[in-house]
Every structure is written in structure tokens, then in C-alpha cells.
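Read off the chains here:
Number of protein chains: 2
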Amino acid sequence: MNTPIVTSRSVLITYPEVQAARGLLPSVLQHWIDRLGGDLSRICGYQLGLCRSDGTPTGKIDGKLLRPAFAFLCSAVAGGVPTDVVPAATAIELLHNASLIHDDIMDGDRERRHRPTVWAEFGIPSAILAGDALIALAFEVLVGSKNQATSDAVANLAKTLRLLARGQDSDLRFENTSIVGVDDCLAMMAGKTGALLGWACRSGVAYAAAPAVWLDRFEQFGTRLGVAFQLVDDVLGIWGDPQVTGKPVGSDLRGRKKSAPVVAALTAGTAASARLAGFYSGARGFTDKEVTLLTELVADAGGRNWALSEAERQLSAAWDLLDGLELEPTARRSLTTLTSDLITRRR
Amino acid sequence: MNTPIVTSRSVLITYPEVQAARGLLPSVLQHWIDRLGGDLSRICGYQLGLCRSDGTPTGKIDGKLLRPAFAFLCSAVAGGVPTDVVPAATAIELLHNASLIHDDIMDGDRERRHRPTVWAEFGIPSAILAGDALIALAFEVLVGSKNQATSDAVANLAKTLRLLARGQDSDLRFENTSIVGVDDCLAMMAGKTGALLGWACRSGVAYAAAPAVWLDRFEQFGTRLGVAFQLVDDVLGIWGDPQVTGKPVGSDLRGRKKSAPVVAALTAGTAASARLAGFYSGARGFTDKEVTLLTELVADAGGRNWALSEAERQLSAAWDLLDGLELEPTARRSLTTLTSDLITRRR
Chain A
1 MNTPIVTSRS
11 VLITYPEVQA
21 ARGLLPSVLQ
31 HWIDRLGGDL
41 SRICGYQLGL
51 CRSDGTPTGK
61 IDGKLLRPAF
71 AFLCSAVAGG
81 VPTDVVPAAT
91 AIELLHNASL
101 IHDDIMDGDR
111 ERRHRPTVWA
121 EFGIPSAILA
131 GDALIALAFE
141 VLVGSKNQAT
151 SDAVANLAKT
161 LRLLARGQDS
171 DLRFENTSIV
181 GVDDCLAMMA
191 GKTGALLGWA
201 CRSGVAYAAA
211 PAVWLDRFEQ
221 FGTRLGVAFQ
231 LVDDVLGIWG
241 DPQVTGKPVG
251 SDLRGRKKSA
261 PVVAALTAGT
271 AASARLAGFY
281 SGARGFTDKE
291 VTLLTELVAD
301 AGGRNWALSE
311 AERQLSAAWD
321 LLDGLELEPT
331 ARRSLTTLTS
341 DLITRRR
Chain B
1 MNTPIVTSRS
11 VLITYPEVQA
21 ARGLLPSVLQ
31 HWIDRLGGDL
41 SRICGYQLGL
51 CRSDGTPTGK
61 IDGKLLRPAF
71 AFLCSAVAGG
81 VPTDVVPAAT
91 AIELLHNASL
101 IHDDIMDGDR
111 ERRHRPTVWA
121 EFGIPSAILA
131 GDALIALAFE
141 VLVGSKNQAT
151 SDAVANLAKT
161 LRLLARGQDS
171 DLRFENTSIV
181 GVDDCLAMMA
191 GKTGALLGWA
201 CRSGVAYAAA
211 PAVWLDRFEQ
221 FGTRLGVAFQ
231 LVDDVLGIWG
241 DPQVTGKPVG
251 SDLRGRKKSA
261 PVVAALTAGT
271 AASARLAGFY
281 SGARGFTDKE
291 VTLLTELVAD
301 AGGRNWALSE
311 AERQLSAAWD
321 LLDGLELEPT
331 ARRSLTTLTS
341 DLITRRR
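Each protein sequence line maps, in turn, to chains A and B.
Those letters in the first sequence? Residues 1 to 347, by this note's numbering.
Those letters in the second sequence? Residues 1 to 347, by this note's numbering.
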């Protein structure tokens, strides 16, 4: 049943733009994190993987740096050079991590990237502040950059933060709503995951001084990619290998999370849908055996296949948006391969 | 023992600039809050007092609108007109409320302005998001304003958010640190309360196209005012009338909060200091009788007098910063009276 898949980290680092992100960003991020001072430098540094919980530097950075990589790639596609797009790439990684810290509190997730989440390690109050501090830094990085794209980038980063909050709010509400359709789910994902990647792509071309008409198109391109990316993430949240994903097995189902495959399964009208709904309407914790059964029910009701096909559809619609734009050919090839890899990854 | 004091709300509304804030802001704030959509509009509207928890409009706004009032007053002092400063006044009220929502979660405060706090009413996840959403809106208001001051305002709003987080982080740490000096406490207050008022004053003159040299001076002016304001707030947190302040009696002492008067009392080296320290080092809850005793101990150790004198000193230092600047005389008189009223208020 499983689609042949590749590991995204190893694929990602074959791209020069991703190497640029991994080469340039850690020291820039460290510089900004240091500006916070006191406990906040240590806590935010921990979130980014720059240091351990006691403040000891790790000499590396955590995370895929996927959003910065898209900023670099979109800049290259528009003929820009990597150094110009560093402020945007830095800001997006800071805002992304702010949203991860806050989301982990809301979702009650205790583990991320094989380590305790910030709230689990430092408590909820410090985690709220660390998120706020990273939001502040994201804006400070942008306004400090003195680029013709700054004004557009700042305005749209604020919009992105608003859409992120709206998307996460919908996600929270879905957990307490009996009927959620796949369209509601896709709209929520466009906010929760699409907005950040939309901003990364928009800013990538904006910092490369691309024609004005490119900006909205790349924003929508990135938004659709983000939805595709989240669909695959949701599939991995159920069927992914915990050793590879870094997330505890079955945690989405145990938490009765209405992720996209589950919503598709619940609304498919099959016998498996009805059984799944029965389990989801209860309140007690699931046994390991039940989690295995739920995993099968979501697949039997077509949730897995729907999510993977919808990811393909979103990817195709994303590329349609760039039709007719004169993209730099080499970077375009990288972008094409990377976007395809992302929906066939296993972490 | 009690200094003769006045009620700030009734004093505030005698100022034309404060009337301008109260007249102009509610509809503008409602417009921006509506943009959030869904639950977030209702939750953020509730925080601002624009609607009840079920979304029913109240037809009014809560809070003193003190920070917007300072933006209007500082603009007037620099010869500006109220309408020009509306974006800054709106942004500061949004950011202030974002920080109140997040702080109430961190401090575990269940009541504000005689109503349940946002987290107590809607839960912690929604409260975190509501705060994030208001931060986003604050930046969106500014970047949408197309004013020559926009760039300075955005850069400094981001800095303000960072300093706020840093100040609140210090505040949290103080609760778990046995020795805190009054200087640490004043530095924390400069971030936690000073930064917002500093930005309000800076932006007030920036939006009035004041000379560049005014900007930093008004920022520091506002920061010192904020510290003075917080010192009085801390005094009211112990000796204020719950009917007037809207805060439960003795809550700061019950929560073993190291507010400025308490820190001054603890570090005064008197017999009362030692008794107070004994109570603060325990872990069990205090009886009503003990809260009354603690209130007396803080006063006996000089905590109340120190806080009120320090507030006077900060106010005086604030005004020294504006020496030599040609301020519009009528607005200057209003600003002088208002700043004096603020340290003799009872709520």
C-alpha cells in the first residue's frame, strides 16, 4: 500500500539554495537570538536547536529550514542572489518557530524533533514569552534590512501572523465540532501552514526585485504548496515511522486530532467511517491495539488516498499559477524537483 | 497615612486628547477586530470590552485608553492633529491588550476589569491565539497607514514587543529568585510597562512630524512615565480599593508577587523586612488575617513610601528629558497635569 518515498532531509541538502540556507542562517539566527538576552536567548536558542536546555551551544541548527529554502529558491527563480534574501529567510524561520512554540502549548504536545517541546522543558509562561519574543525578532530583522522589499515584506508578515492565528483557531475549533468538511479543513490548512510558505515565496521574489505581478502569484503558489505539505505531514502523523518523523506513534489519533485524512475518512460515508466516528465520539484514552485499528479504519475509509491525491492536486494548481512567468531555468528545475520530493517524503 | 488621591478615569476624560482617543478609537478598533474573523473577533472584542463573551456588542470600550491618550497628547505637544495619530494610537492599544491577554495566562490571573480574563473565559489555547492575533493587527494597522513615520513606528513597535517579553520574563524569574534588588525591579518595569508607553510617546511625536531628535527623548520620557505608572499600580495592587481597581483584594500578596513595594520592603533590612521574608519564603496559602498583616509589614518596612517617592523621582526625570524642546503650550499643560494625576490616582 505504501507509496515509495524518500527522506526529505537528504534530498533537501542536494539543492544549492538549501545549502545556502543551512550555511548562512545559523549564525544570523544566533545573532538575533542573542539580542533577546537572559533566559529568552537560551529558551529560543533551544527551540531552534542552537543550544541545549542549559544553554550549551550545539554548533548546529534543528529543523529542515524548509521555509528559508523556499525563500532562497524563489529568489533564485527570479534571478536574485542568496545574500539579498537572508533577512526574509531569517524572519520566516523565526516566525515559524514562534508558531511552533505556541502551537505545542495549545496542542499539549510534549515532544518535537526528538526533544521535549519548549513548554514541556521550561513551562507554559516562558513558552508564551519565547513565542512573542521570536515574533518581535522576525519583524526587527525585516525592518533592519533597508531593502526596497521591506515594506511589502513587513505588511505581509503581519498578515501571515494573522492568518496563522486564524488557521490555528479553526484547527482548535474542529476538535470540538462534530461535523467538519474537507473544504473547511483545506481552508484551515491554507492559514495554518499555507500562509507561512506563501510569505516565504512572496518575499523570495520580492527581495529579488521581481515584477509586482509576481508577488501575489508566488504567495498563492507557496500557500498551495503549504497545503500540500501539510496533507503529507498529516499522513505521516498517522503512518510515518516515529524513528524518522520524531513524533510519538499514533499521537494524532490518540489525541482524536481531526487531521485531513481523518476528516476525509469521517465524511466518506463508508462502514469504516461510521466505526471511526464511533471511536472519535468517545472520551476515554485508546489502547495501542485500538490505535492500530483506527489507523486501518482511516485508510479503509479512503482518508490516506484522498490526502495524497489532494496533495498532488494542490501541487499541480500551485504550478499553474506560475504559468507564463519567465523563471530562471536552473532554479526552476530545482524548485520543481523539490516540490515533488516534498509530497513523496517520509519525514 | 494615605495620600489624598483622585480617580483617574474621571480626570482623564477632562482632557480633549483623551476625549479624542475615546471618540475615535472604538470604531477603528472594531474595524480591525472584525478583520480577524470567526472566534478570534469575538474573543479579542471581549478583551477590549467591545462585546460580551457571547459576541453581543456592548456599544463601548473598556480600559483607560491611557497609552492612546499619550500618543494623542504627545502629538499635540509637537503640533500634530489627532486624526494623524490614529494608526499609532490604535496599534498601541492592540499591542497593550495582546500583552494583557498573555500576561494574565502567565500570572494565572482570573479577573480583570471586573470580568473573567480571556483565558479564564475561553481557555488558554484561545487566549494565546487571541494575543498573537492582536500583535498581528497592531503591525497591520501601522503598515496600512502610509505615513512618513511608519517605518520608525514599525521598527520600534517590534523593539517594544521584544522589550515587553524581556520585562515579563524578568518578572517571572523574580518570583523564583530569593534576592531581587530595587534596581533589577526598575529595569524589569522599564521593559514591562515602560516600553509600551515609550513607544506611544515616541510615535505621538513621530506621527506629528517632529524633529528627529525629539523621538528618542519622548521614548525615554514615556518609558520613565511607564515606570512611575507601574510603581503606583503596584501600590494600588496592595492598598487599592477592590471596588475601584477591579482587582481582588490582596491578590498580589496572596500570589507572593515581588512587586516593587514588596522588593523595597524585603531589601530594607528592617525587622518588618525579616518578618515579611519569612512569610514569602513559605509555600502555603495565606489567611485573610495574614494578608492584612503582610500589607502592614510592607508599609512598615518602607515599601509603600519608597514606591511613591520613586514614582515622583521618575516623573521628574521624565520631564527633565524634554528640557529645551519647544512644546505647544496648551498641550504641554495637559500633559503636565495628566502625568501628575497619574501618580496620585486610585485606580
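Among the hints, a few may not be true.
[Said to hold, decoys possible] Restraint-style ranges between C-beta atoms, simulated for each label pair: (1) B/Arg115 with A/Gly181: 34 to 42 Å; (2) B/Arg173 with A/Pro211: 37 to 45 Å; (3) A/Gly269 with B/Gly255: 23 to 31 Å; (4) A/Asp183 with B/Arg284: 21 to 29 Å; (5) B/Ala283 with A/Gly38: 20 to 28 Å; (6) A/Ala283 with B/Gly285: 29 to 37 Å; (7) A/Glu328 with B/Gly23: 52 to 60 Å; (8) A/Asp183 with B/Gln148: 42 to 50 Å; (9) B/Arg115 with A/Ser281: 29 to 37 Å; (10) B/Arg115 with A/Ile124: 40 to 48 Å; (11) A/Arg52 with B/Gly255: 25 to 33 Å; (12) A/Gly38 with B/Gly255: 19 to 27 Å; (13) B/Ala283 with A/Ala274: 24 to 32 Å; (14) A/Ala283 with B/Asp183: 51 to 59 Å.
Simulated from the structure, these hints should not be mistaken for lab results.
Computed from a prediction, not measured in an experiment: that's the story for all the values here.
Each residue gets a CB set at the ideal place from its N, CA and C atoms; glycine is no exception.
Check each numbered hint from earlier against the structure, then list the numbers of those it violates in ascending order. 2, 3, 4, 10, 13
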